[in-house]
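Heads up, the sequence shown is in our numbering, so the first residue is -2 and it goes up one at a time.
A few of these clues could be false.
Simulated DEER-style distance windows between Cβ atoms [claimed, not checked]: (1) K36 / E234: 35 to 45 Å; (2) A161 / K30: 43 to 53 Å; (3) S155 / E272: 38 to 48 Å; (4) G282 / L211: 12 to 22 Å; (5) Q214 / L160: 15 to 25 Å; (6) T228 / A141: 35 to 45 Å; (7) L211 / A284: 12 to 22 Å; (8) E272 / A161: 33 to 43 Å; (9) E101 / E191: 33 to 43 Å; (10) R254 / G104: 29 to 39 Å; (11) E158 / K36: 39 to 49 Å.
Since the hints were made in silico from the structure, they are not lab data.
Computed from a prediction, not measured in an experiment: that's the story for all the values here.
Glycine is no exception: its CB is placed at the ideal position from the N, C-alpha and C atoms.
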Amino acid sequence: MAPRSSRYSTIPPAERLPEWLRQPIGNASQLEKVQGIVKGQRLHTICEEGRCPNRAECYAAGTATFLLGGPICTRSCAFCQVDKGQAPAPFDAGEAERVAEAVEQMGLRYVVLTAVARDDLADHGAGLFTATMAAIRRRNPLVAIEVLTPDFWGGHRSEAEGLAAQRQRLGAVLAARPVCFNHNLETVRRLQGEVRRGATYARSLGLLAAARELTPQIPTKSGLMLGLGETFAELVEALEDLRAVDCQRLTLGQYLRPSLAHLPVQCYWEPADFERLGAIARELGFAQVRSGPLVRSSYHAGAES
-2 MAPRSSRYST
8 IPPAERLPEW
18 LRQPIGNASQ
28 LEKVQGIVKG
38 QRLHTICEEG
48 RCPNRAECYA
58 AGTATFLLGG
68 PICTRSCAFC
78 QVDKGQAPAP
88 FDAGEAERVA
98 EAVEQMGLRY
108 VVLTAVARDD
118 LADHGAGLFT
128 ATMAAIRRRN
138 PLVAIEVLTP
148 DFWGGHRSEA
158 EGLAAQRQRL
168 GAVLAARPVC
178 FNHNLETVRR
188 LQGEVRRGAT
198 YARSLGLLAA
208 ARELTPQIPT
218 KSGLMLGLGE
228 TFAELVEALE
238 DLRAVDCQRL
248 TLGQYLRPSL
258 AHLPVQCYWE
268 PADFERLGAI
278 ARELGFAQVR
288 SGPLVRSSYH
298 AGAES
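Based on the sequences and whatever the hints tell you, model everything.
As C-alpha cells, this is what we get:
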C-alpha cells in the first residue's frame, strides 16, 4: 500500500467517492445518439463494457472506443468489468464493416480500437484489428486509427515459440499502420500476478519493445492504474521500465472498483500525486503524458496526434 501522507486518501470504496472523482452526466441527447448508433450496429464499446467514468464526456463529444471480438474476454483480470469466459462469442465476420459504418455515422476522424483477449482464436485477435482498420479506411482513408491491443500471447509449447508467434501477430497489426500502438502495463511489477491474470510484466514490456523495433515511426503508448496497493517508488520504477523500451506516450489514472467481485481499491491517490507523477514522466522523456484521477487509456486520445 502507498505510504500515508497529507496527499493520500484512504476513503473505503464503499463510501462516497472523493470530490475529484465525480463527473457530470453530460449532454443527454448526444449520449442517446452515440448509444443508439452503437446499439443499432450491434457493437460494443469499452466505454460501456468497462464502465469508463468518462463515457458521458466522450459520448457528448461524439467519440467512443470500439471493443472488438465481442463482450466476453478469455482472460480473468481481477480489475476489469468486461465479462469473462472460456466460451466467447463466435467470430463475427461482419463486425469490421459495422464498426466502419458507425465511424462514418458518427463522423469520427480519430478512432480507438481495442479488443477483448481472444485466446481461443488462432491469431489471438490480431485479425480483428487489421480487418476493422481496412474496413474503416475503405470508407474514409483519412481517419486516424489508434489500437489498444492485448498481448497476443498463449497456447505455445515453449517461450521461444510464444515470442515468435506474438511478434508475427504484432507485425500484422503494425503493418496496417495505426497512428499509435497502445498496450497497457496496467500496474507495477509486484502486483502483476494478482491484477493481470494470464499476462506478465515482462511480456508486456517485450511487446512494446518489439513494436518500436518493427515500426519505429509509430509511437507506442501504455497506461497504469493507481490505487491497487502500489507504492510511489514502484510507480516510478514502472515509468522507468516503460522508457527503457522507448515507450513514448503514457496515461495514469485512478482504479475504480467495478463491483464487489473485483479487486478492492486500496487507496485514492490525490490530484497532486498525479501531477507529480506526470512531471516525473516528462522528465524521464515521455513525449505525451496524461495523468489524472479520471484519465483512461483512450481519454482525449487524438488531441495531440
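Which numbered hints turn out to be false for this structure?
The structure conflicts with no hint, since it agrees with every one listed earlier.
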